[in-house]
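With the sequences and hints as input, model every part of the structure.
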Amino acid sequence: MALKGRRPQYNLEHEACPNEQCSLYGKGGKGNIVSNGTITTLHGGKRRKFLCKVCRHSFCSRSGTIFYDLRTSEEKVILALKLLVKGMPLRGVAEVLEVKLDTVRHWLRLAAAQSKKVNELLLKELKVSQIEMDALWTFVKKNALRERATLWREKPGSGFPLPKNIG
Amino acid sequence: MEGETWIGISFAKEYRLMIAFMIDSTESSLCEPLVAETEGRLAQGSWPVWVSDGMDSYGDALKKRHCILKTYPRTGRRGRPRRPKLVACPEVRYGQVVKQRDERHRIIAVVKQSVYGEVPLKTISTVYIERHNLTLRHENRRLTRKTIAFSKRNEGLRSQMTMYQSYYNLVRAHRGLKVRISDQHNRLRAWQYRTPAVAAGITDHIWSLKELMTTKIYINH
Numbered sequence: 001m002a003l004k005g006r007r008p009q010y011n012l013e014h015e016a017c018p019n020e021q022c023s024l025y026g027k028g029g030k031g032n033i034v035s036n037g038t039i040t041t042l043h044g045g046k047r048r049k050f051l052c053k054v055c056r057h058s059f060c061s062r063s064g065t066i067f068y069d070l071r072t073s074e075e076k077v078i079l080a081l082k083l084l085v086k087g088m089p090l091r092g093v094a095e096v097l098e099v100k101l102d103t104v105r106h107w108l109r110l111a112a113a114q115s116k117k118v119n120e121l122l123l124k125e126l127k128v129s130q131i132e133m134d135a136l137w138t139f140v141k142k143n144a145l146r147e148r149a150t151l152w153r154e155k156p157g158s159g160f161p162l163p164k165n166i167g
Numbered sequence: 001m002e003g004e005t006w007i008g009i010s011f012a013k014e015y016r017l018m019i020a021f022m023i024d025s026t027e028s029s030l031c032e033p034l035v036a037e038t039e040g041r042l043a044q045g046s047w048p049v050w051v052s053d054g055m056d057s058y059g060d061a062l063k064k065r066h067c068i069l070k071t072y073p074r075t076g077r078r079g080r081p082r083r084p085k086l087v088a089c090p091e092v093r094y095g096q097v098v099k100q101r102d103e104r105h106r107i108i109a110v111v112k113q114s115v116y117g118e119v120p121l122k123t124i125s126t127v128y129i130e131r132h133n134l135t136l137r138h139e140n141r142r143l144t145r146k147t148i149a150f151s152k153r154n155e156g157l158r159s160q161m162t163m164y165q166s167y168y169n170l171v172r173a174h175r176g177l178k179v180r181i182s183d184q185h186n187r188l189r190a191w192q193y194r195t196p197a198v199a200a201g202i203t204d205h206i207w208s209l210k211e212l213m214t215t216k217i218y219i220n221h
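Protein sequences appear in the order of chains A and B.
When the count follows the working numbering, it moves up by one through the first sequence with no breaks and lands on 167 for the last residue.
When the count follows the working numbering, it moves up by one through the second sequence with no breaks and lands on 221 for the last residue.
Source of the hints: derived by calculation from the structure; they are not laboratory data.
For clarity, every value in this text was computed on a predicted model and none was experimentally measured.
We put the CB at the ideal spot given by N, CA and C, even for glycine.
Where hints are given, some of them may not hold.
If you want the footprint, here are the derived chain A segments under chain B, 3+ residues with CB under 8 Å [said to hold, decoys possible]:
#1 55-66
#2 72-81
#3 103-114
See the structure below:
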């Protein structure tokens, strides 16, 4: 049967096995990665799937990036991170993009984990002649009122937790 | 860890590169891990000049990591011989910029001093990191003073700082690092903007935030 149109070409040289147990973990261009179809996302987008011939581990094109297992579009996540590094607070970003605060917090956590890996990889063997050191003062504190409310609820006779028949 | 928090930063002056940061409850307690992490990212056998403000803990941390036992020869006279003591290695070079203030906390003088090794007083300055602190406070709402956007949890602050570090080094072009480039007629016309990572030779191009977030990293632990 003749093929309909030209088959899409994809450079598999850039892909490497993400399975840490595999002998070819992280080694690209070894010929162990083959295409293994596509998956359709909730929003109709398509993601490529790959297979490592050595360990039979299957993974998709988003594995190893912050977008893996995220339902939100890439543009929205990147915009949220851009706003965060340009001086907007978490709550502000959540309000502007109409997402939950915890969602933005989750994206920040993913971005920080990725950044940590990049820093580990790139910031080494530096040749510098002078290093300046200094410290910034800042403040970390929880909402005192919320803490007080939690303490109050834990007190005996406070009426919390509410009986099950209420509401 | 809640309440007052200090973020220690080490900064390569020539490339405007943010090498490492450390978060702790006091400034004195973060000096040692900050120096250790910074040294872990330097090339083997490199001995840069370290400069800080008047906080002696930075110098103590350096001395603790690179010290030798200095013994004194016997004088032949009566009495207890002088005790050996730990001194900084001769390769360690460390200078301080000490701000002297009056009773109203106004700066009356700035004194530069070489603490360990021979450091030319001309090279001792903390200007670049002080300016970097301003950039940090400007671009991270958590660090902006006199607002209610301060961090509520330590993890959030750490995440923001980690992301900002890589963003600052790889993505954000630094105006102080731009270089003149010539056109076809060999006339200096345009400016080429660079990031600290490009200036330091870590990468060859300015990264995009998407590139930073989608680069697949494989680290063998």
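Outcome of the hint check:
no. : hint    : result
1   : 55-66   : holds (count 4)
2   : 72-81   : holds (count 4)
3   : 103-114 : holds (count 6)
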